[in-house]
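Visitor: Residue strings, one per chain:
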Amino acid sequence: MNPQIVPIHRTESREDGMLFVRTDGIIDTMVNAPLIVAGLLVVALTIPLQTSFATTRTLDLIINTDGSTHISSQIDVDSSNFELSLFGPSVDNFIAIGSDGTTLSGQVIEDKAIIQTDDYSSITINYDLHDLISKEGRIWTFSFDSPISYSLLMPENSVIVGMNILPENMEQLDSQIKLEIPTGTAQIDYIFSTPVETPTTPSESSFDPVTIGLIAGPIAGAAIVGVIVAKKRQSKPHLQTEVIQTENIQTPKPTTDTITPDTIFDLRPDMREDDKEIVKFISDNGGEVFESELRKKFLQPRTTMWRAVKRLERIGVVEIYKKDLLNMVKLRNDLEEEN
Amino acid sequence: MKSLALLTLLVLTVGVISTNQAFAEPLDNVRTSVSNYDGDSATVKITWNSDDSAKNYKVGCVSCTPNVVEFTTGIDMTLYSVTPFPNGSSALLYVISYDSQNNIITAKQLIVNLNQ
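Going line by line, the protein sequences match chains A and B. For the first sequence, position 229 (counting from the first letter as 1) is numbered 229 according to our numbering, and the numbering increases by one without interruption. For the second sequence, position 64 (counting from the first letter as 1) is numbered 403 according to our numbering, and the numbering increases by one without interruption.
The following block holds chain A by itself, in its conformation from the complex (with noise of 0.2 Å):
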């Protein structure tokens, strides 16, 4: 027989349902927890007590034509060796001024500013920032998160054609917007009124050929009209132009061989007295005037003193000829006696 040995204590335990647990490592969890917690609590503390370094006051946006967005910030801090976790990487013409003006000395390492605040309670400070506009298009978008309210710009002759957030106030300065936009996420799509000038070379015109044509055209007509009506003002001229023209032209000079009134009135004894002082006028102005000269000089007509003229001329008397456009009338030397 081979007796089987069971031992006792270990079939009582099983029933039971007992635990056994090491207890090698118990003291070193002990120790250790109170000290993962304590750092934590540390970590935690330390979060607010940095940020209650620094108190942003104000927080004012301009947006330039250029996309850059200007940002101006006043800060309450309270130490000497102060870093601002700027609004993006892209950042130009950082500043940072004390509450006195004195410009403060400081480093930008891509969106961290460290700012010697040299124990100025408040600072401002004053950078560009080139992360916030995007475009597409002629659609600028504006986006902007921001942990307080402030004041937004918006550029010259923007018009805002889409906004996603309700402004706390509005303003208009000239051609410009302004809003106030509360704490959260904005955005703003605007366009440009009137294209943004870009520099042109010097090749290009600054006239197209349409806008000369346009412009050219009625200075063109206007100059054609012109000769027309000048032309059509010398083959028909008038008494102010014949006046002009008399005093420019030189009244004929006598001539020896000119016959006298009263040889032209022994000839024509039938002669009627007022063509006899027409007679009387050409022969003193040295046989020949202009038919202009004779309307002026008895007042009459154009007609009435052109009939007198054919007159004349029928009777053998004067002969008309053309002179630079006048009727010249001349006094006629080989005048006979009537059969």
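Don't read these hints as lab results, they were simulated from the structure. We put the CB at the ideal spot given by N, CA and C, even for glycine. Among these hints, one or two may not hold up.
[Stated by the list, open to error] Per the computed footprint, the stretches of chain A lying under chain B, defined by three or more beta-carbons under 8 Å from a beta-carbon of chain B, are:
(1) 119–128
(2) 164–177
[Claimed, not checked] Calculated cross-link-like contacts (lysine-lysine; reagent style DSS-like; alpha-carbon spacing at most 30 Å):
(3) A:K112 / A:K135
(4) A:K135 / B:K394
(5) B:K397 / A:K112
(6) B:K447 / B:K397
(7) A:K276 / A:K330
(8) B:K447 / A:K297
(9) A:K178 / B:K384
(10) A:K178 / B:K447
(11) B:K384 / A:K322
(12) A:K296 / A:K310
(13) A:K310 / A:K330
[Stated by the list, open to error] If we take Cβ atoms under 10 Å as the criterion, some of the chain B residues that face chain A in the derived model are:
(14) N395
(15) G413
(16) M416
(17) F424
(18) G427
(19) S429
(20) L431
(21) K447
Please arrange chain B on chain A, whose structure you already have, making use of the hints.
Guide: For chain B alone, coordinates are given in the frame of chain A:
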């Protein structure tokens, strides 16, 4: 010479006026009229000058929630239920003119006081 100069001036004047498109732009003259304002919203009618170079127009309300956008080929547009910004009675609207190739010719921002 005097009459000739006057005639030239007349022709020039007629020429400038007849070719006025070269010197005028669409949306030179934009007018608004407000009606039915009940403290919350209003009806706004916008009219503008006719211009041959503009083929269609886009009208929108930025202060409305959600933003409103309408298109027309005419010279006026009526927007209903136009709402102002909070803390005031001013609504922010706009009109954009487009040419035949859908390029923007000009745009106008309109700040309309609904409490007229």
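Visitor: Are the hints correct? Go through all of them and say.
Guide: Quick rundown of the hints versus the structure:
1. 119–128: It is violated, with 0 qualifying residues against the three required.
2. 164–177: holds (count 7)
3. A:K112 / A:K135: holds (26 Å)
4. A:K135 / B:K394: holds (25 Å)
5. B:K397 / A:K112: violated (43 Å)
6. B:K447 / B:K397: holds (11 Å)
7. A:K276 / A:K330: holds (14 Å)
8. B:K447 / A:K297: violated (72 Å)
9. A:K178 / B:K384: Roughly 25 Å separates the two Cα atoms, so the pair holds.
10. A:K178 / B:K447: The hint holds at about 16 Å.
11. B:K384 / A:K322: The given pair, whose Cα atoms are some 74 Å apart, is violated under the 30 Å limit.
12. A:K296 / A:K310: holds (17 Å)
13. A:K310 / A:K330: The hint holds at about 12 Å.
14. N395: violated (15 Å)
15. G413: Violated, because the Cβ-Cβ distance from B:G413 to chain A comes to roughly 20 Å (cut-off 10 Å).
16. M416: violated (15 Å)
17. F424: Cβ of B:F424 sits 6 Å from chain A, so the hint holds.
18. G427: holds (7 Å)
19. S429: holds (6 Å)
20. L431: holds (6 Å)
21. K447: Nearest chain A Cβ about 6 Å off; hint holds.
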